[in-house]
Amino acid sequence: MSPPVGTVSVLLGAQWGDEGKGKIIDYLIENYDVQVTARCQGGNNAGHTVVANGKKYDFHILPSGMISEKCFNIIGNGVVVNLDAFFSELDHNQVNREPGWEKRIMISAEAHLVFGVHAQVDGRQEASLSSTNKIGTTNRGIGPTYSSKCFRNGIRVADLMGDFEEFTERYMRLVEHYKKQFPTIDVDTTAELARFKEHRAKLMELNLVGDTVSRLHELRKQGRSVLVEGANGAFLDIDFGTYPYVTSSNATVGGACTGLGIPPTAITQVYGVVKAYQTRVGTGPFPTELKNEDGDRLQTIGQEVGVTTGRKRRCGWLDLFLLRRSAQINGYTAIALTKLDILDSFKEIKVAVGYRLDGEPLKAPPG
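Numbering (this note's numbering), first residue to last: 654 to 1020.
It is possible that part of the hints are untrue.
Below, a list of computed lysine to any residue pairs in the SDA-like style, where the Cα atoms sit at most 25 Å apart [to be verified]:
{"id": "1", "residue 1": "Lys756", "residue 2": "Lys802"}
{"id": "2", "residue 1": "Lys850", "residue 2": "Leu827"}
{"id": "3", "residue 1": "Lys802", "residue 2": "Tyr710"}
{"id": "4", "residue 1": "Lys965", "residue 2": "Ile954"}
{"id": "5", "residue 1": "Lys992", "residue 2": "Thr941"}
{"id": "6", "residue 1": "Lys944", "residue 2": "Arg868"}
{"id": "7", "residue 1": "Lys1016", "residue 2": "Gly955"}
{"id": "8", "residue 1": "Lys756", "residue 2": "His870"}
{"id": "9", "residue 1": "Lys723", "residue 2": "Tyr710"}
{"id": "10", "residue 1": "Lys850", "residue 2": "Val748"}
{"id": "11", "residue 1": "Lys874", "residue 2": "Glu683"}
{"id": "12", "residue 1": "Lys944", "residue 2": "Leu993"}
{"id": "13", "residue 1": "Lys1003", "residue 2": "Pro1014"}
{"id": "14", "residue 1": "Lys833", "residue 2": "Ser800"}
It should be emphasised that the hints constitute simulated quantities derived from the structure, not laboratory data.
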């Protein structure tokens, strides 16, 4: 499972996220010649736990390659960036205490920004849904930020780096847009604008923002091996997931191209990370879910608690029918199986091999 030099490898969650992608990324960085790591989608709504040199890192927005001095790191245009979380994460993991760290990371100028109003809208939209229809959002404002992007009133990092008065005007229009829909929204615009002015100064001082498409192209021309780390999982993908119980971005292989500006022909390896049993955070279909002692044992032994939300994960048997669908979409060249040892204490281990509807076998999972 060695990433070829000078090419692009993509590592994806093959299920509903939380498959152990961080551990596999850590392994690849430590054992192979990975020189560039890149985030292509999502935001700080997903978490990777990475351990390097005996130190534990909790990453939500930072690429995992920040643990290695040999890696250059990209936050691509497809990522929605919460700058409060970005700088807080640098500090929490003490990354910003390492000499020259700022020379090893670049944020795309075309990435969209997450604001406080997005988080408030996220919570209100979730609260408006009935108990049976709740998505289980992380309330980090990720969905509303992608909505702003599609509505074309979103604000990009490039806007922040330009004229601050123009940025302020766009920001106020965005807040007013959402206040018309949710009159009870209460945003301290003065305080948030002051924070963003500080963020702008830091980004400029450290030279953290740039043209990541050109940078990636140059790195590839130099023969650098690139590892794209996907967030979430295949069945949380906005198009191919268990809609509407999905995330707001493309968590399948296509997201690597659109979220970084790399051609599909550059991708030579696609790694699917598969947990030996199935887990899911939040609501949504889960055919193999175990609502019994076995499910409780999987949750306890596997320490199934979300890195980002702190919520207990729902647990069940491995679903090979869904996994086949995941492979059809992503074209995995290799599978990394995680947490197989958690099943050691079970006398009987089950897997799903197909679905039946009204007694008839299905050829594909229902949409």
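Each hint, compared with the structure:
1. A C-alpha spacing of about 29 Å is found between Lys756 and Lys802, which places the hinted pair above 25 Å, so the restraint is violated.
2. With a CA separation close to 17 Å, the supplied pair Lys850 and Leu827 stays within the 25 Å bound.
3. Distance restraint check for Lys802 and Tyr710: the Cα-Cα separation of roughly 30 Å exceeds the 25 Å cut-off, and the hinted pair is therefore not satisfied.
4. A C-alpha spacing of about 12 Å is found between Lys965 and Ile954, which places the hinted pair at or below 25 Å, so the restraint holds.
5. In summary, the hint linking Lys992 to Thr941 is supported, as the alpha carbons are separated by about 17 Å, within the 25 Å threshold.
6. The straight-line distance between the Cα atoms of Lys944 and Arg868 is roughly 48 Å, outside the 25 Å bound, and the hint therefore fails.
7. With a CA separation close to 32 Å, the supplied pair Lys1016 and Gly955 exceeds the 25 Å bound.
8. Between Lys756 and His870, the direct Cα distance comes to roughly 17 Å. Compliance with the 25 Å bound is thereby established for this hinted pair.
9. Proposed proximity of Lys723 and Tyr710 is supported: the alpha carbons are some 17 Å apart, at most 25 Å.
10. Between Lys850 and Val748 the CA atoms are separated by roughly 22 Å; this keeps the pair inside 25 Å, and the hint holds.
11. In summary, the hint linking Lys874 to Glu683 is supported, as the alpha carbons are separated by about 23 Å, within the 25 Å threshold.
12. Annotation: proposed proximity of Lys944 to Leu993 holds, straight-line Cα distance about 20 Å (limit 25 Å).
13. About 19 Å separates the Cα atoms of Lys1003 and Pro1014, which keeps this hinted pair within 25 Å; it holds.
14. Restraint check for Lys833 and Ser800: satisfied, since their Cα atoms lie roughly 16 Å apart, inside the 25 Å limit.
The earlier numbered hints that this structure contradicts are 1, 3, 6 and 7.
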